[in-house]
Amino acid sequence: EAQVTQNPRYLITVTGKKLTVTCSQNMNHEYMSWYRQDPGLGLRQIYYSMNVEVTDKGDVPEGYKVSRKEKRNFPLILESPSPNQTSLYFCASSRSREPQYEQYFGPGTRLTVT
Amino acid sequence: AQSVAQPEDQVNVAEGNPLTVKCTYSVSGNPYLFWYVQYPNRGLQFLLKYITGDNLVKGSYGFEAEFNKSQTSFHLKKPSALVSDSALYFCAVPFSGAGSYQLTFGKGTKLSVIP
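Chains as they are written, first to last, in the numbering used here: chain A, 874 to 987; chain B, 20 to 134.
In case anyone wonders, no lab produced these hints; they're calculated from the structure. Keep in mind that this is a model prediction, so the values were computed, not measured. A portion of the hints provided could be inaccurate.
[To be verified] Between beta-carbon pairs, the in silico distance windows are:
id	chain 1	residue 1	chain 2	residue 2	range
1	B	GLY35	A	GLY889	52 to 60 Å
2	B	THR71	A	SER953	44 to 52 Å
3	A	GLY889	B	PRO37	45 to 53 Å
Note that beta-carbon positions come from the ideal geometry of N, C-alpha and C, so glycine has one too.
Generate coordinates for the entire structure from the input sequences, incorporating the hints supplied.
What follows is the structure in structure tokens.
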């Protein structure tokens, strides 16, 4: 089954404790992206990747890191999480860097930072 | 400035009635336009898109959307609403940069279909 998977689905952590949210797709997609969803703000892009070893900042990159060492994986790293990073996070992928293709979303990771 | 907007935070409609969820955009050039749906506790799912050609686009679950260039709108419609259509709907527009793009979403419209 074609899908985007994220782990963990739920995470509660404390301020300053480094964490990684994994994202993997099995569709050989070129483009991958991370979003955060907050009430009243919709989805905002954190980082995106056009291909292996190519990443770029989205609208809200502060406090986040990403890497794309393999085509299928695109982990999101929070080196020192803070309470304002409490949010619902989505990973997504698309077959191409061209904008006319739809994105496929993972199920989401709900992160709480206390 | 390029932007996408959903002017209604919530839309309520009776089951069986037609529904419309509004989206307007501001894009230089010819836009690509998308609708996604988010059911409770789920990720977003693609519904439909406008790339070029016919202004009326048909998508999943009986939804359609009309591209109106003069009004810079891309409203989502369905002739007869179902209770199961209750969800959060997002309009999205990719804004192209150097060699890639960023998908920008509206703030979402919560659709409630009342039995």
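Here is how each hint holds up against the structure:
1. The hinted range of 52 to 60 Å is satisfied by GLY35 of chain B and GLY889 of chain A, whose Cβ atoms lie roughly 53 Å apart.
2. Range check, THR71 of chain B to SER953 of chain A: about 45 Å between beta-carbon atoms, so the 44 to 52 Å window is met.
3. Between GLY889 of chain A and PRO37 of chain B the C-beta distance comes to about 52 Å, which sits within the given range of 45 to 53 Å.
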